[in-house]
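Undergrad: Protein sequence lines correspond, in order, to chains A and B.
Quick note: the first sequence, position 83, residue 83 per my numbering, numbers continuous.
Each number in my numbering corresponds to the 1-based position in the second sequence with 268 added.
Hints are not guaranteed to be accurate.
The calculated DSS-like cross-link candidates involving lysine-lysine, where the alpha carbons are at most 27 Å apart (straight line), are [said to hold, decoys possible]:
| id | chain 1 | residue 1 | chain 2 | residue 2 |
| --- | --- | --- | --- | --- |
| 1 | A | K73 | A | K172 |
| 2 | B | K426 | A | K166 |
| 3 | B | K426 | A | K36 |
Here are a few chain A residues that sit away from chain B, every Cβ distance over 10 Å (derived from the structure) [claimed, not checked]:
| id | residue |
| --- | --- |
| 4 | N2 |
| 5 | A24 |
| 6 | A49 |
| 7 | A55 |
| 8 | I119 |
| 9 | L126 |
| 10 | L129 |
| 11 | R130 |
| 12 | D150 |
| 13 | P160 |
| 14 | S164 |
| 15 | H178 |
| 16 | M194 |
| 17 | S196 |
| 18 | R201 |
| 19 | K213 |
Think of the hints as simulated: they come from the structure by calculation, not from any bench.
Being a predicted model, the structure only gives us computed values, none of them experimental.
By construction, the Cβ of each residue, glycine as well, lies at the ideal position given by its N, Cα and C atoms.
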Amino acid sequence: MNCEQLALLYEEYALGVLEGEERAELETHLARAGDKCIAGVAQARWVVAQLAHAAPDTQPPATLRGKIMDAAKPSADMARGVVPVTKPKASEPKAMFPAWAWVAAALLALMTGYTIRQINNQNEQLAQLRKQMKLATMQNQALQNQLDMDRMVAMVMMSPDSTSLKLMPKDKNMPMVHAYLHPHMGVAITADQMPSMPAARTLQLWFVPKSGKPLSVAIFHPDATGEIALVAPVNMPRNEIAALAVTEEPAGGSPQPTTAIAWMAQVN
Amino acid sequence: MERILQRDSAALETLYDRYGRPVYSLVLRIAQHPSSAEEIVQDVFLQLWRSADRFQISRGPLEPWLFTMARNRALDFLRLKREKQRRREHSDSDILPSAVVRPDPEGDIDRSRRAEKIRALMTSLPEAQRRAIELAFFEGMSHSEIAAATGQALGTVKSWIRGGLLRLRESLAEAIS
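If we strip away everything but chain B, and leave its shape as in the complex, we get (with noise of 0.2 Å):
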């Protein structure tokens, strides 16, 4: 970060060669729209380029600070393409393309064993609570969205959010200590 501030373009280079292919990942499934997905990443790293000393200030690790901003303008996107087709009364033709998977050789350790707990325990939940936090995660729904959403009461929705988020929480126990 230090070298970001410096304005070292090498720097955010090798921030995009570690952090361009999750926060890619993220922003297609939430936006559900490639070309438009490629100008939020866009966007997303150079408001880390910009605001690097903004980042500095709140002095927590980068990959979260990433991957918030990058979920928050993907979210933006969605509500406002929501709020257009509902004003349009049309939907959208874009197909979003089959996921390519492949094996990440360059990132960093630690982040692919998180990020293999991270898929194991969603997959552990049973689906209605997978569902809720992914409507949650991806969707941006509130807690009274996704009750309406799954037919679900309130309460129930509530105790499966807060259930998942604990199973999260202890599952990453020990990168968080």
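Just chain A, with the same shape it has in the complex (with noise of 0.2 Å):
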């Protein structure tokens, strides 16, 4: 099916209905997908959205709103604590030489070197500059990497079609992390808070299997803000899966767990 043809099936896509080839073959295109297709699957997300309109209108707990400010409040609080406050400057000192040892100094100092230092500077300024283009350069880079990854974590997550789990840390102190398993587009990770790790050591996850040996299928470093969000093909059959796990391990990865399971979901 062509691209016309395949955005008659959007809807139906959003609600969750299509199955087998149809299915498939509307994944495949979205995957390499345009921003007209992209946005078309967005505004049927929205039409097929508004069916919750169609649930009876109940009023939720009284407490319940309660609950949502409480479990929100420790996070709210952290933000505003790393809120750098900014001291007052204390005033400076004020200049303690009178006006002509100034104008003698400047005079000196133009007369001994004034044109060397500025070819000089001219040179470190270039260099400066040609590093801080180069820097830039790769910063857009990983930027513009880090957005389509977001993106594309944000649609796995936004799927009808995928399964929402939780991996429970063995470590109590340690976040959740979140797994969103979809059939084709693959499994996203999310995390946010964690610790972080040293170079020498990485995050591997792995598929277990009803029988047989764990299977890897990414390994992942949280960035700078504790942050973790990731997706890695689904390299097993979903109905063979029995659970998600996360191990530390060497940097690089192993080709099996070699330390105890830090994060665990079952799959049902």
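Put the two chains together into one complex, using the hints given.
TA: Given below as structure tokens:
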């Protein structure tokens, strides 16, 4: 089917009723589709989401609001805590030298090496600008890659075909890791407030089969802010996956887990 | 959303005041279990709180994002519950309390109009077609599952759902444009 024919299926896809070849063909198309198709699916999701209004209007329990706000409070407090407090600058001491001394010093500087310094400064500035430009290009590329990855994560998270899983930490002080298992687009992993890791270690995600050895899915690190957001391909049939597990491994990952499971979720 | 990104908890309160009720209504309709619905709604709003930056990147309006997340979470719960029921071979005795319908003076006018349109549209659909769409949206069933549940031919079910979604799109055309 071409782009226009597939566009007729967007609402059914968003509703989650498509199956078999139709769904696989549409998802394959979306995985490499342009902005127009992505926008078409987004609009279809909006249309289908409106069906939520067909549910009987029900007042939530009065306590629910408080529970949500209590759960959000620690990170709000933390965010407030990290806002840098700008201290008033102490007043600069006033110059102690008389004006004639400054004039003499300036004249001396001009006579001894003004031209040479200017050339050196310009060369240094040029080298500095080149370094900054190279760094900016690299940062831009990294941001673009992150943006692409975050879009993929958002697509998997929002897909009606994704199964949401919570990987519970063995260590109660560690945060929970969320996984969204999609049959075609892959498995999205998200987490925040993760502790930093030494460069020599990495986290590794495994599919634990109902029988046999765990299969490595991806290796990853929390970023500088402690967040994880990635999508990895599903390399095992969905009905054979018994659990998702994360272990800490040496940099580069291991063929099989070498440490105890740090996070795990059963797949039903 | 900017304020959510800055971890302004007052912004989360505002969002909950605006969307908490329709999200809870949707989740309760799917999950059919008040305490689980409460847990799912809490999870959805905290997901929004935690993943606001990812929502920004997806560049869509907030409401469908929230509804989609809520629906997916509630359907996950429903599937899990059905699987457990199937394994244990006993039925859940939780009873859904009758829905409390009240006016929503704080709700957004556009949203209220859209909600009215959706309800009017669903009421206007033939019973079988409405049932097929409800099974898809609130029960998470696929074309073939709906065909099996209703005893209708697969082609008939596809035609009902496609026709219903087309009418839904047409009724919301003004809002889309």
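Undergrad: Regarding the assertion that A24(A) does not contact chain B, is the least Cβ-Cβ distance greater than 10 Å?
TA: At about 13 Å from chain B, A24(A) clears the 10 Å cut-off, so the statement holds.
Undergrad: If I take the minimum Cβ distance from P160(A) to any residue of chain B, is it greater than 10 Å?
TA: Nearest chain B Cβ is 6 Å from P160(A), so the label is violated.
Undergrad: Check the hint pairing K426(B) with K166(A) against an upper bound of 27 Å on the C-alpha distance.
TA: 34 Å, violated
Undergrad: Beyond 10 Å from every Cβ of chain B: is that where the Cβ of L129(A) lies?
TA: Check passes; 31 Å lies beyond 10 Å.
Undergrad: Are all C-beta atoms of chain B more than 10 Å from that of R130(A)?
TA: 31 Å, holds
Undergrad: Check the non-interface label on D150(A): least C-beta distance to chain B beyond 10 Å or not.
TA: D150(A) is in fact no farther than 10 Å from some Cβ atom of chain B, at 4 Å.
Undergrad: Hey, K73(A) versus K172(A), does the alpha-carbon distance stay inside 27 Å?
TA: 19 Å, holds
Undergrad: Confirm or reject the statement that S164(A) sits farther than 10 Å, beta carbon to beta carbon, from all of chain B.
TA: It is violated; S164(A) is separated from chain B by about 5 Å at its closest Cβ, not greater than 10 Å.
Undergrad: Just checking, L126(A) versus chain B, shortest CB gap more than 10 Å?
TA: Per Cβ check, L126(A) is outside 10 Å of chain B; nearest 36 Å; holds.
Undergrad: Does M194(A) really sit off the interface, with its C-beta more than 10 Å from all C-beta atoms of chain B?
TA: Nearest chain B Cβ is 12 Å from M194(A), so the label holds.
Undergrad: A cut-off of 10 Å on Cβ-Cβ distance, and N2(A) was said to be off the interface with chain B. Does that hold?
TA: 18 Å, holds
Undergrad: For A49(A), is the shortest beta carbon distance to chain B beyond 10 Å?
TA: Label violated. Min Cβ-Cβ 4 Å, cutoff 10 Å.
Checked against the numbered hints above, the structure breaks hints 2, 6, 7, 12, 13, 14 and 15 and satisfies the rest.
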